[in-house]
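Asker: Here is how the chains run, residue by residue.
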Amino acid sequence: MTRDQVRTTLHWLLGIWLLAVIAAAFFYAPTARSFKGESARIVFFHVPQAWVAVLAFCVNLIASLRFLRRRELLDDARAAAAARLGLAFSVLATVTGSIFANVMWNSFWNWDPREVSIVILLVIYAAYFALRQAVADDERRAALSAAYAVLAFVTMPFLVFVVPRIYWSLHPDTIISSSGAIKSQMDPRMLKVLIASLVGFTGLFVWLYTLEVRVARVLSARRAQEV
Amino acid sequence: MPGPNSLIWVAAVTLVIWIGIFAYCLALDRRVRKLEEER
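If you're matching them up, the sequences are chains A and B in order.
Sequence positions in the first sequence follow my numbering and run 1 to 227.
Sequence positions in the second sequence follow my numbering and run 1 to 39.
Don't read these hints as lab results, they were simulated from the structure.
As the structure is a computational prediction, the values presented were derived from the model and not from experiment.
Just so you know, nobody snuck in bad clues.
To spell it out: a stretch of chain B is covered by chain A in this simulated footprint if at least three of its residues, at any positions, have a beta carbon under 8 Å from a beta carbon of chain A; those stretches are: (1) 9–15; (2) 22–34.
What follows is a list of derived Cβ distance ranges for each label pair: (3) B:Arg39 <-> A:Ser98: 39 to 49 Å; (4) A:Glu139 <-> B:Val13: 37 to 47 Å; (5) B:Lys34 <-> A:Ala130: 31 to 41 Å; (6) A:Leu65 <-> B:Ser6: 40 to 50 Å.
Positions of the beta carbon are idealized from the N, C-alpha and C atoms, including for glycine.
Bound-form chain B, shown alone (with noise of 0.2 Å):
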């Protein structure tokens, strides 16, 4: 496993965090697009 100060380690946490917040943005759309048709 890379050091916690390797660039590699530092991009995975961003690609974690990234990923997150998608799958966080997708989840959300797909909810209110939910709502919208049941309005």
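Chain A with its partners taken away, still in its complex shape (with noise of 0.2 Å):
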């Protein structure tokens, strides 16, 4: 079996599960009581979108430190690929969050901790990419935009996990403890389903990113013909 075959044939497996996942979570798991309606099926999708928001965030700082270790441009693609999803995930969790904040709540915007700090670090990533559009020079903006997205990070963990912990907030308490276990009170059908999910959601991260760093390797490639 060729590269191209392999990657073809877990792409067209991801597509299945992830059909799977779809059919599970709205036939397979049952309704949740303390939520109004069938609301709490949301959580299949807005909990991996927002993990994989912050999986993605972590990528960007990994592929920006090696970008200031290393100097090499493709680091800097790699970086800024990761961003791009982190931002577009982080934009469909807080979307998928409104939607479920109006049904439960009647409101798309309650000034939860959950929802502000979310906005805020999309208005930090955000800036990264204006600081990419601003700088004309490519090793130039590269540097910056890896010094940025190293104190952008450290901002994440404090408004991810830190605010939304330490304010009261409407938010449903976290599926994941303060030390990393999977609260157990959830339905096990609920918690397969969620877990299925989390996986099909990485590996569409994984995907996505991937084909973004391919483009970039074309694109440097063709640029370093031209010159």
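Join the two chains into one complex using the hints; note that each chain is given alone, in its own frame.
Answerer: Below you can see the structure in the form of structure tokens.
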């Protein structure tokens, strides 16, 4: 089996896996008792989106640190790709969270610590792209944005994990406890679907990320040929 | 046809969105592969 064939097989497996997750989220997982109607089903999409955003920002940090050490522009492209995906998944998590908030509390926006902290995070990473747009020279842009990415990441654990645990929040209890364990009061069927969804979304992130990096590689080779 | 608030309706919309994203990614992957081969 060639590398391309393995890749294509994995993509189709991911496609089928997420189809099964969608079916299970709507027809296998039971209705959560303490939530209005079927609103709790959004958790199977909202939580993995938030998880992928955090994962993407971690990848952004690693690629930025690698750039600062090795000074290779491909690492900068990797960092930008991860930040772009992190931003996209943060927006999706915010939107799905707002839909849930509207069903549960009759308002899309409630100034909840979790809502506010994810918006601050969005602004911080949007500024990363504003910075990239503002610098024309490739080397300088890469160095400045790598340094900024390291500083931006410092705020991430504070905004995502600390702030929502300090202040009173409307947000449902966290699924992953402070010790890192998944809380067991969730229905086992719901937990199975959630874990399957987390795996599927992580696979989707890997696919999108590698696609972006491959495009960056092709573009940089093309640019090198032109020069 | 089920009402817009029914579970089947929401599941169908989610399914269509996923199939769209999946097909787009597959097409993009094929295009990138072609560009890599050309290189």
